[in-house]
Amino acid sequence: MPSQLRKRLLPYLIVSPYLIHVVLFVLFPVVFSIVLTFHKWNIISPMEFVGVDNYLHLFQDRLFWKSILNTLQFLLVHIPLQIGIALLLAYFLNEKLALRAFFRASFFLPVVISGVVVTILWQQLYGLETGILNRLLISFGLGRVDWLSNPKIAIVSIAIMATWKNVGLYVILFLVGLQTVPRSYYEAAEVEGATAWQQFRYITLPAINPTIFMVVILSTVGGFSLFIEPYIMTDGGPLNSTLSAMLYIYKQAFGYYHMGYSATLGIFFAILIMGVVALQKMFLEKEE
Amino acid sequence: MKLSKLILYLFMTAAALSFLYPFYWMIVASLTPEAQIGELGLLPKTLTADNYTQMFAKIPIWRSLLNSTFVALLATFGVLVFGAMTGYALAKLRFRGRNLLFFVIIFTMTLPFQITLIPNYILMVKLEWVDTLAALVVPALNSAFAILLFRQAFQTIPDDLIDAARMDGCGELRIVFQILCPNILPTIITVGILTFMNSWNDVLWPLIVIRDEQLMTMPQLVTLFAVGGRAEAQLGVKLAAAVLLALPIIIAYAIFQRHFIQSMASSGLKS
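Sequence order for the protein chains is H and E.
Numbering follows my numbering, in which position 164 of the first sequence is assigned residue number 164; successive positions increment by one, without gaps.
Remember, my numbering sits 288 above the position in the second sequence when you count from 1.
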């Protein structure tokens, strides 16, 4: 091949593995997904065109809307808890402390462990009779809590577990944000007579605003993907109170093989996520 | 020591223990006879390997360990190689469509996976890759995020290095791998750790495309063991499986802790 032609083609050759990959596994699937939403299909029989039936069904599907509500309830508990605890631990970790590496490593350990392990573990911790949490409550003279069998509490229990698992990552992110503030700012404020709270509110908070924003977005996107925890722990129960949107879509697709309908759910859900993230961006991201 | 400092230490130690004790409990409980697990406090009364021997007999856990390792290694290798190549092209080569490609990559990153999940499964069915390791490996060979990290890293390398190599007659691929990569070791470590970890811990996709127990990944096998009836509601056996699943990562974490933390922190920041 003449060397000039080869030189011109080279970049395309180099990116071709990625190009093939992205067309095959991303672009084509997105298009196919949209096409699928207008059909009814269970893979074995031929596809059946059904127009907007799937969309109509979606809006009347109470179980789907319950799953969305559950996911939102989860986020409502999980995100503030996560931010509060992560910020608190990062704040203290930022002090001059011996054993900092040990503390940091401890908080971060659950982050790298598989969600499967964490869920199996917490399923036992939440046990009604034998769980460590209830045994502790009893030893303090308090009553048992039906963490996983009470439809009102179950999703909160999962939110607590998810916070325990992920907070370490956000501690580290907050720590990085906190460390960008020069000590001199605090010293100057101290000289002016500012209290610790005032220092926090006027120096620390604005400095870590971008980090808070990032933590919210990451937690939100992660929270919307909630799947393996309810799958293992409660299978969506009790009374569908822990049925996450992902779990519902999974069951529709791979339990019932409603391919067209689950594709519709998937697209709707994806748009919902992007919408929520866009909203959060609008309200939380402040100008520097 | 000041009282406030002491309280701080106590608080932080209590916090650290609240993250560590559950794992300790899990390991000890897995070594405890079934009947005594409910009363387990700080120290075990009796230790037994029964739960483990039962688990080994019921599920092909070692096979799944092999599967997970194989898949994770291949995925990591693919992401590193292809990510470096594409990142290099975006950073250092000029060609028509370069910006378009960049936007496509950004676009795929903003796309929630919920959209592509089902079509990808259907693709696996059509390719007859269901119940094959190909279904686990091939879709994982490229990562938009890795490409962006590589692009960013390569952009910091001065062009002169590349021009000099070209004048020496170096082919482009050799430039990428032999000359440029050694200069961006932190990026390679970050991408490597993140890819390996995500591949290892991924459960949803294996649950969808793999039904054959001999091909299951470790988290998948343990999940089905915990959820299905095979464990026969025996707590100790389930916990033994969970411990074994956690062990490889705990060992890797104990050794490479700083790299894990740095990698995930930088990935969070870049997001």
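No lab work stands behind these hints: they were computed from the structure.
We put the CB at the ideal spot given by N, CA and C, even for glycine.
Check the hints yourself; a few may be wrong.
[What the hints assert, rightly or not] Within a straight-line C-alpha distance of at most 30 Å, the following computed DSS-like cross-link-like pairs (lysine-lysine) qualify: (1) H/K251 <-> H/K96; (2) E/K333 <-> E/K346; (3) H/K40 <-> E/K293; (4) E/K414 <-> H/K251; (5) H/K251 <-> E/K346; (6) H/K96 <-> E/K333; (7) H/K152 <-> H/K251; (8) H/K96 <-> E/K290; (9) H/K281 <-> H/K40.
[As the list claims (entries may be wrong)] Footprint (simulated), chain H over chain E, 3 or more residues, beta carbon under 8 Å: (10) 317-323; (11) 335-342; (12) 351-364; (13) 393-401; (14) 404-410; (15) 477-489.
Evaluation of the provided hints:
Taken as a hint, the H/K251 and H/K96 pair is broken in the structure, with Cα atoms around 50 Å apart against an allowance of 30 Å. Our distance criterion of 30 Å between C-alpha atoms is met by E/K333 and E/K346, whose separation comes to about 26 Å. Restraint check: the Cα-Cα separation between H/K40 and E/K293 comes to about 65 Å, which exceeds 30 Å; the hinted pair is violated. Among the hinted pairs, E/K414 with H/K251 is consistent with the structure: their alpha-carbon atoms are about 21 Å apart, no more than 30 Å.
The hinted pair formed by H/K251 and E/K346 meets the criterion: a straight-line CA distance of about 26 Å does not exceed 30 Å. Taking the CA atoms of H/K96 and E/K333, the gap is near 40 Å; set against the 30 Å cutoff, the hint is violated. At most 30 Å may separate the alpha-carbon atoms for a hinted pair to count; H/K152 and H/K251 meet this at roughly 23 Å. Among the hinted pairs, H/K96 with E/K290 is consistent with the structure: their alpha-carbon atoms are about 13 Å apart, no more than 30 Å.
Under the criterion of a C-alpha separation no larger than 30 Å, the hint pairing H/K281 with H/K40 is inconsistent with the structure, at around 36 Å. With 1 residues bearing a CB less than 8 Å from a CB of chain H, the region 317-323 of chain E misses the requirement of three and the coverage assertion fails. Taking a C-beta to C-beta cut-off of 8 Å, the region 335-342 of chain E contributes 0 residues in contact with chain H, too few for the three needed, and the coverage statement is violated. Only when three residues or more bring their CB closer than 8 Å to a CB of chain H does the claim for the region 351-364 of chain E stand; here the count is 0, and the claim is violated.
Against chain H, the region 393-401 of chain E contributes 6 residues with a C-beta closer than 8 Å to a partner C-beta. That satisfies the three-residue criterion, and the hint holds. Only when three residues or more bring their CB closer than 8 Å to a CB of chain H does the claim for the region 404-410 of chain E stand; here the count is 7, and the claim holds. Using a Cβ-Cβ cut-off of 8 Å, 3 residues of the region 477-489 of chain E lie near chain H, which meets the minimum of three, so the contact claim holds.
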